[in-house]
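Dock chain to chain to rebuild the complex, using the hints, since each chain is given by itself in its own frame.
Protein sequence lines, in the order shown, are assigned to chains C and H.
For reference, each letter of the first sequence is one residue, going 1 to 367 in full-length UniProt numbering.
For reference, each letter of the second sequence is one residue, going 1 to 757 in full-length UniProt numbering.
To be clear, the hints were calculated from the coordinates, so they are not data collected in a lab.
Quick caveat, the model's predicted, so the values are computed rather than measured.
Be careful, since some hints might not be right.
[What the hints assert, rightly or not] Simulated DEER-style distance windows between Cβ atoms:
#, chain 1, residue 1, chain 2, residue 2, range
1, C, Pro154, H, Glu690, 39 to 45 Å
2, C, Ser292, H, Tyr687, 43 to 49 Å
3, H, Arg281, C, Pro268, 46 to 52 Å
4, C, Val113, H, Leu258, 36 to 42 Å
5, C, Pro154, H, Asn171, 41 to 47 Å
6, H, Tyr687, C, Arg225, 30 to 36 Å
7, C, Pro268, H, Leu258, 22 to 28 Å
8, C, Val113, H, Pro686, 51 to 57 Å
9, C, Ser217, H, Glu690, 52 to 58 Å
10, H, Val9, C, Arg222, 51 to 57 Å
Ideal Cβ placement from N, Cα and C applies to all residues, glycine included.
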Amino acid sequence: MSELGGCNLFESQAIVADHKDLIHDVAYDFYGERMATCSSDQYVKVWDSDGQGGWKLTASWKAHHGSVWKVTWAHPEFGQVLATCSFDRTAAIWEEVGDTAASGTEKGLRTWVKRSNLVDSRTSVTDVKFGPKHLGLLLVTCSADGIIRIYEAPDVMNLAQWTLQHEIPTKVSISCLSWNPSLSRSSSNPPMLAVGSDEPSVADKASSERVFIYEYSESSRRWTRTECLSSVVEPVNDLAFAPNLGRSFHLLAVATKDVRIIKIEPLPESSGSANGSVRFKSEVLAAFEEHSSCVWRVAWNVTGTMLASSGDDCCIRLWKMQYMNQWKGVGVFKSEATGGEATAPARAHTTYTRLAPMANPAHMPYH
Amino acid sequence: MIPSNTICVSQEGPANALALNKDCTQVVIAGRNVFKVFSIGENEFSEVCNLRVGKNLNLNFSSIDVAWSTIEENTLATAATNGAVVVWNLGRSGRSKQEHVFSDHKRTVNKVSFHLTEPSLLISGSQDGMMKYFDLRMKEVARTFISNTESIRDVQFSPHAAHVFAAVSENGTVQLWDSRRHERAMHQFTAHSGPVFACDWHPDVPWLATASRDKTIKVWDIHARPNLEHTIYTIASVGHVKWRPQRKFQVASCALVLDCAVHVWDVRRPHVPLATFAEHRDVTTAIAWQATPHAFLSTSRDCSLYRHKFSEAAHPVLWANPQAVCVSSRGQLASALPDAPLPRPRTCAPERLVPGLGRKQPTAGSLSASAQAALERAFPGSASSSLARHTPVASQDQPVLACAHLYRIRGQPPHVLAEHNAKVARDHHRYMVSHVWEVVRSVYSARAVRSAPAPPPPRAPPPVEDTPPLPLYSAVEEEPLEEVEEWENRLHQHSGVLGLPTHAVYIPPAKYAREGEDGGWVSAASAHYVDVEAADWTLPDEAFPLRAPPAPPAPPPAPSQHTRPNEQEHDAESVVAGGTGVVGHAGPSSPGSSGSGTGSSRHDGLQRSSSQNCGSSEGEGGEGGEGAEGGALCVREGAGRGTGRAALDPAPLLALALRLHADLGDVQTAAVVCLALQDHRSDLFPYIDESLQEQWLLGYIELLQRHKLYNAATECVRGLYAWCQGCAHGGHLRHVQSWLKEHQLCPAGCGHACQLA
Chain C
1 MSELGGCNLF ESQAIVADHK DLIHDVAYDF YGERMATCSS DQYVKVWDSD
51 GQGGWKLTAS WKAHHGSVWK VTWAHPEFGQ VLATCSFDRT AAIWEEVGDT
101 AASGTEKGLR TWVKRSNLVD SRTSVTDVKF GPKHLGLLLV TCSADGIIRI
151 YEAPDVMNLA QWTLQHEIPT KVSISCLSWN PSLSRSSSNP PMLAVGSDEP
201 SVADKASSER VFIYEYSESS RRWTRTECLS SVVEPVNDLA FAPNLGRSFH
251 LLAVATKDVR IIKIEPLPES SGSANGSVRF KSEVLAAFEE HSSCVWRVAW
301 NVTGTMLASS GDDCCIRLWK MQYMNQWKGV GVFKSEATGG EATAPARAHT
351 TYTRLAPMAN PAHMPYH
Chain H
1 MIPSNTICVS QEGPANALAL NKDCTQVVIA GRNVFKVFSI GENEFSEVCN
51 LRVGKNLNLN FSSIDVAWST IEENTLATAA TNGAVVVWNL GRSGRSKQEH
101 VFSDHKRTVN KVSFHLTEPS LLISGSQDGM MKYFDLRMKE VARTFISNTE
151 SIRDVQFSPH AAHVFAAVSE NGTVQLWDSR RHERAMHQFT AHSGPVFACD
201 WHPDVPWLAT ASRDKTIKVW DIHARPNLEH TIYTIASVGH VKWRPQRKFQ
251 VASCALVLDC AVHVWDVRRP HVPLATFAEH RDVTTAIAWQ ATPHAFLSTS
301 RDCSLYRHKF SEAAHPVLWA NPQAVCVSSR GQLASALPDA PLPRPRTCAP
351 ERLVPGLGRK QPTAGSLSAS AQAALERAFP GSASSSLARH TPVASQDQPV
401 LACAHLYRIR GQPPHVLAEH NAKVARDHHR YMVSHVWEVV RSVYSARAVR
451 SAPAPPPPRA PPPVEDTPPL PLYSAVEEEP LEEVEEWENR LHQHSGVLGL
501 PTHAVYIPPA KYAREGEDGG WVSAASAHYV DVEAADWTLP DEAFPLRAPP
551 APPAPPPAPS QHTRPNEQEH DAESVVAGGT GVVGHAGPSS PGSSGSGTGS
601 SRHDGLQRSS SQNCGSSEGE GGEGGEGAEG GALCVREGAG RGTGRAALDP
651 APLLALALRL HADLGDVQTA AVVCLALQDH RSDLFPYIDE SLQEQWLLGY
701 IELLQRHKLY NAATECVRGL YAWCQGCAHG GHLRHVQSWL KEHQLCPAGC
751 GHACQLA
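Only chain H is shown next, with the shape it has when bound in the complex (with noise of 0.2 Å):
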């Protein structure tokens, strides 16, 4: 069992330094208004002794700096900041164990350090720029080292050599003394661009950490001349640098500002700390290890002397991501692994919450003994990453591309540009977008059959039988094209969603207009078709004309098709199956799509069986019937009654297809069939709001941005705009929709009274 950490919250005020003994059993902390010495208990630290007794507490006592005899049991000494050395003897009895007082520098004194072997000695440094060496024995300044810059920050002996130490100043410059010659410098040289707070020897090689103000710990290597070996980059300015006994490239360091955590360094790699102790609220203002590389002691400004137990420590590497991944909209992928990736051993949830003020990091102390040690000898050598990236040979988006650039969503009927694009999608392989593309020609080319010859009850038969009456197929490839000719003409007058549509809105295909019957015929077209049209953008309710067989005031139209034998005239129900336009592309790719008639609409596999029921369910004669067999999918209804009209509404079909299609990723077959259908598109309110439409059409736009396909963007853009036909003025239909609710004259301002048909 891991003892867990020792704390002890001092209530005096926060320890500026602290010292332990030789043999690490007691500690001293001293501050402005604390100096205490606590000896080290397993579990507890355990008050010896408080120093600051007495009855002046004068400013000798407001400690920046103190340092324990490496060698005399009971000698400490103190740096106060008045700038007077103060010596204590433990020893002495009586409360006040205050020996002496050097009061020989100037001002502030940063630093005091014993010499490592020489048990008298004792040197500072000072505010003052000036180092003085002390002799304990004699109770004066032996030497005075004058470093020429504004003031020394940090002096250590090496433990390399006994005569030299090294003091690093304010200015950013290391000097390297030995102590028996004062008159100069045996090295100097700039370190840092910035303050350096701190060095540090290193226990076994001759090398030297500084810290600095700008935020960078380096060492160096101090042979002959001061060689750089690391540096090592932290997130705020360096106060304290302590290397880690018996680990050759370990340091521990902490922050002076921003950051209360202590960090332990491997300086093989530099930017990321090995371990990390967040236990302090407050900055770390010294740290000090147990002579061994287990256990460490620190003080913080949030009053707190903690022991650390490296056992416990947090290790950010553990959770910081080691690996990346990302996807372009391209479908390349580009990826970052680590080469030699860290062991993980199963992190283990720890039993406990080790205790602590501050806010712990997670993983804190969930690693064991062995995996820490694990973790410790790969940290080093896992500081690279492999950058790769996998391009499909084929884009995956390429028959999606390919597709944006081939499909027609303007300048036909639905039903063609469906036709076109379903064979767009099936060269593309992209079959089952292909089978909705069909049934969208079917619904939509059956539908524009139906309402074109809403013919007059004295029916001519048309002149021409285009085919016989039995085998359909046969008729498929002329409808469409007839079909096409006729929205041709309608183009004109139904480019544009504004404008007034009220007259001669259909023109019949020109065999039927041979027949001089045009007039009453167009206006009972266009009557109804009016009134479709109308519901458009304003009626959603009203906005299936195959829903409305009220509309037609016509008589009860013998919707037969002009290319139907009219053998079917009068007993129209029997029609067959809007044959022609409809069962159409059957073809070889798409078996399932089936057509009806004039009634109603198309469906796909799934709905076929339904709709013949409607179908059968009319009574209608059978002789058609007959052609319609062997999967010849076409499906006979009453189509000559106003009933069986109704009898299927295409539109929540195609929602659905839709919005399957949106939620298999397809946003291209849902916003494009949207566009497509033009003004059709408003059958399709009561199914999908027109919100999640224009989502569509947004995804669409933004995958085709993403593409840089801008021109098919723009396409889709133009579907959605709207003008006035009589002053040619237009915008963007959502906002000419919202200025009309408002106003009655042309948003541009040309006095036009538009109308939003």
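Isolated chain C (complex conformation) (with noise of 0.2 Å):
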């Protein structure tokens, strides 16, 4: 028991980030060595871990002409990308110049070109992500009037020529999306996307579903919606495929009004290939209310094993997987807000959290 309650101590750090608005998106590199924010003040930052968990800030730049919204790396395959989109109605394509390599101890801030710049969008995009690496360098784009776009660099090397391989229009407001991570390359399990739709709820509007699967059919050779998760009704703020791994069924995570786990299981091909009906069974996995309000941004681990969430009580909850898909709450940071001063001190102060002890610790198979 006492190395498990080691194992589920947390360190807490503020950094100070110095953004000048909100901060609306961090991103973590394929490695977790690098931290990307962006955020209203319409710049975006990176952060570099010095390996003795401190973080310094390599770069700080403006980004875009209105705020960033979200901020995501592509795989280190393709060199130090970032991809970032904005209230502008653009997404944009940065790279960092300059020997990476040799970093670590350099002063100064490194720097970031801009690569590319996605104007298609009339209106604030509001997702952008990095595609599977097994499919090549691509990128997809969502905007607030409901149009997902799915770009491809032809040339992996050349980050300044995307081609605009998809506009799929959905009628519905979309707030986020997120790529099916699966390493599968099988035809049964062709390249996935999730959207969420955060349109208000309309009472008399008949079609109520926020959360819509699409595949890419290689026989059409386009992207259609193949499901809609009539389980989700409510406004939808962030979505995210957890980490597939070989799993037999894939795990959506969805902000809503709360924390729902979904759980979506691929039905044998024999059953639904011929009408195209019906090619998935989706259950609720987990619904939890504790942030009794809205709830605005989902993150899996690395394994799809935990689960972190936030919301609107401005608190940040952990969910762990604890048997066979029994999904239990197993830690609360909150934040210690300092009431208003904007430009608050270093705080250099550093909490410990412990999470909740597990009920029978051999239920856990490890973590």
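Now the structure itself:
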């Protein structure tokens, strides 16, 4: 028990970000050694881990003319590449220039160059995500007017050239999207996207689904909506597929009025291939109301066994799978609101948070 | 009940400008093809007068700007594209209301403004860079101000000093003039890096807001020396800017291009609009507050005239995501939470969609008046987030990573690897994982043992009794060691998948060799073994050695273990449970693990009973059974019979276990077991297709890469590496497989005729 308890101890430290407005997104890179933040102040900042637990700001630049909603890293195979999307209706591709290998000890800021600006949207671009690596260098954006756009860089060495491959109109405002990270390349697991809509609930509107699954059909070379999750009818603020790692089903976390964990199980090819009507069986594994308010973000750990969520109660909550598909809250981080002092001085204090003990450690196969 | 927005769509064309009369009951709109006065009703506009009448509709009617005197009820002025400044008198009888035309400007007039207190004074700003001060009583130009700049875009009298006016120009400068002195401006400063399109004096404090193509709105304190107070960053060139009445810090703006919406900003929070009105379908050309903070009018290039209620604003901050969370691959958590979260009233669903031509923003009009007031108060102070990271003191992945370091996946027979790996897992308190390894160990040690001594019929008793028959545990430790020896020998022949392991596949334990029986013995064993191996990659349906009782052509094998007492020799059915090798470490930590003997396999706790059933159905003798009592976990069965061997196939159970672990997010176990099975991996193919196994492998490799455990990751890949023993060329198994489907010769071009075993 003691060592298990040790596993659940978290050390919390504040970082002085010095963004001039709200931070909308934080993204770790593939290795968890770099971190990018973006804010309404139109700046993107990149932080590098020094390997001893400290983080150092290595780049900060004005990326857009509007609030920067999301920032995301490309797989390191493609270089040090970021994508951002903004209220100014554009998405941008950034690449770090210079010798990134001999870094670390170097002083001064590193330079990020805008390689491409994607200007197809006519409204705010609400989310941007790189596709799974094995599909090549793909980028998907979605916008408030409900259009999903999928871009491809045909030459991965040339980040300046992106071709718009697909434009998928959804007719509802789209707030978030997530690639299915499945590594499978078999035809029964085609590229898959989940998108969430933050369209407010309107009483007299017939279609109330907020989460849609799109799949790419190799034969028709089109993306088609193959599923609407009927279990989610409230506006969706965020969603995320869990890393798949060879599961026989997909796990989708949805941030709506509560935290949902939805299991999406592909049905055998035989049952639905002819009419294509039913491809999946979806099941709500968990719906946590603990935030007792709107939930804004969900994020998975790398194995898809732990989910972090944040909501309007200004708490980060952690959820873990206890045993087959039994999910349970295991921890809460509360933000100490300082009360509106915009430029708080460096709060270098450290707090420790211990997660709730497991009911039975034997039920946790590991972790 | 809030009255809905008032809309008027004019058919004639878009209006470039609008102006309200002094008590805000009427509005005039003017454009190239439209010039009308409307009265503003509660719910509609009603046309009062169309000024674009007459026989010769010359360019004097093509208006860039319009102004309504703030004193005289009936006096209007327009700025025309041809440089004319036209004064209109609504009180005139007859259809034409045109009172006077000043044609003093040589180029387009961009702006006309009435003096705020002198009813007869009018000023104009023109593309020719000049401002002219007209006296309406004298019908003449009283003064001309020469700006020395390219062109004047806006002129506004100050509400704070009657004789001061501000002029902004296309070269980015702002000039402050004393209207009594035309020689030179009082102040001149460069405000923007691009053309300034509009300015607006704050009604209460000496602030001047300027709007520019550089996408910013700047607020200048014009006290003594102009001083920049605030900068607002917008997404597009700003065309117009108007302070919101009775709200010191709020200013409305509209864009010249790109953005159709009208935004209301709080200057203290310069990056996010407080409110947005997105009703227009095309860019907004003019805005004017109705002298209250609650409503304003706007015209747009989409030919519409709108009256917006502030209560129906959309608030982008409410649907902007204020929070961020991310979990790194190292288990570190980063979060950004607002320091002062906005009050978030339960947004009620709007009962109806507010009518609008353009696309509505989400949440538009969903706030109650009090909620909106609360939002306005909290808005400027809510602009900071605190970023924090939460590092697990002991990484949650630590056990996984430690195991990744310590796991062995090659170089030894599966059950030895499994035993090692079980111990590794156990050391890291991963008991379930350890259990799986135990299971693997027992299955494959049993198999290795069984397949080894397919003895010739005249079976020579082993010369040495390693162990007494009954206490089975004692044999546990020795058996695997022997197996290692066997396997190490075998490895020379079996290390690759390619190649032709058709000879001397199996070398019997030394003690058997001592019996001088190797000859026939070995060939029999190898016959069996080769068969199994051949099935590995090519014929999955025959992949289970255990299911292949017909395969051993050998006489009824009596697979009593070499370590088993020969008392069981003839009573071979009652061989105890493959005893030694299998029972193994049912040890302290994994009480469920059990093993069975020769015939089949191991079973975890769940399966034990079923295997026992199998065993008993074979009707084996009982004496060995006594040895298995007391949770000894060994299962007796009629191992001696071919039928007994087929009794239970471990592969589906193992497959199930691996799938379970994969579903639990433990791809490591699934992948590493697959790897450690080496050649036996094919046993699983009927239950876990190859693509899934590949997926596990890729997932595990990615996991290792994220932790930069490249060495461990490379080990995994090597597991799939196959080479030809003939020419020593090889490659990724899959590639080699596909190559050999179509080709005979080695892919390296060495001319060797490789074959895939």
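Outcome of the hint check:
no. : hint                             : in the structure
1   : C:Pro154 to H:Glu690: 39 to 45 Å : violated (30 Å)
2   : C:Ser292 to H:Tyr687: 43 to 49 Å : holds (45 Å)
3   : H:Arg281 to C:Pro268: 46 to 52 Å : holds (48 Å)
4   : C:Val113 to H:Leu258: 36 to 42 Å : violated (24 Å)
5   : C:Pro154 to H:Asn171: 41 to 47 Å : holds (44 Å)
6   : H:Tyr687 to C:Arg225: 30 to 36 Å : holds (33 Å)
7   : C:Pro268 to H:Leu258: 22 to 28 Å : violated (49 Å)
8   : C:Val113 to H:Pro686: 51 to 57 Å : holds (53 Å)
9   : C:Ser217 to H:Glu690: 52 to 58 Å : violated (24 Å)
10  : H:Val9 to C:Arg222: 51 to 57 Å   : violated (38 Å)
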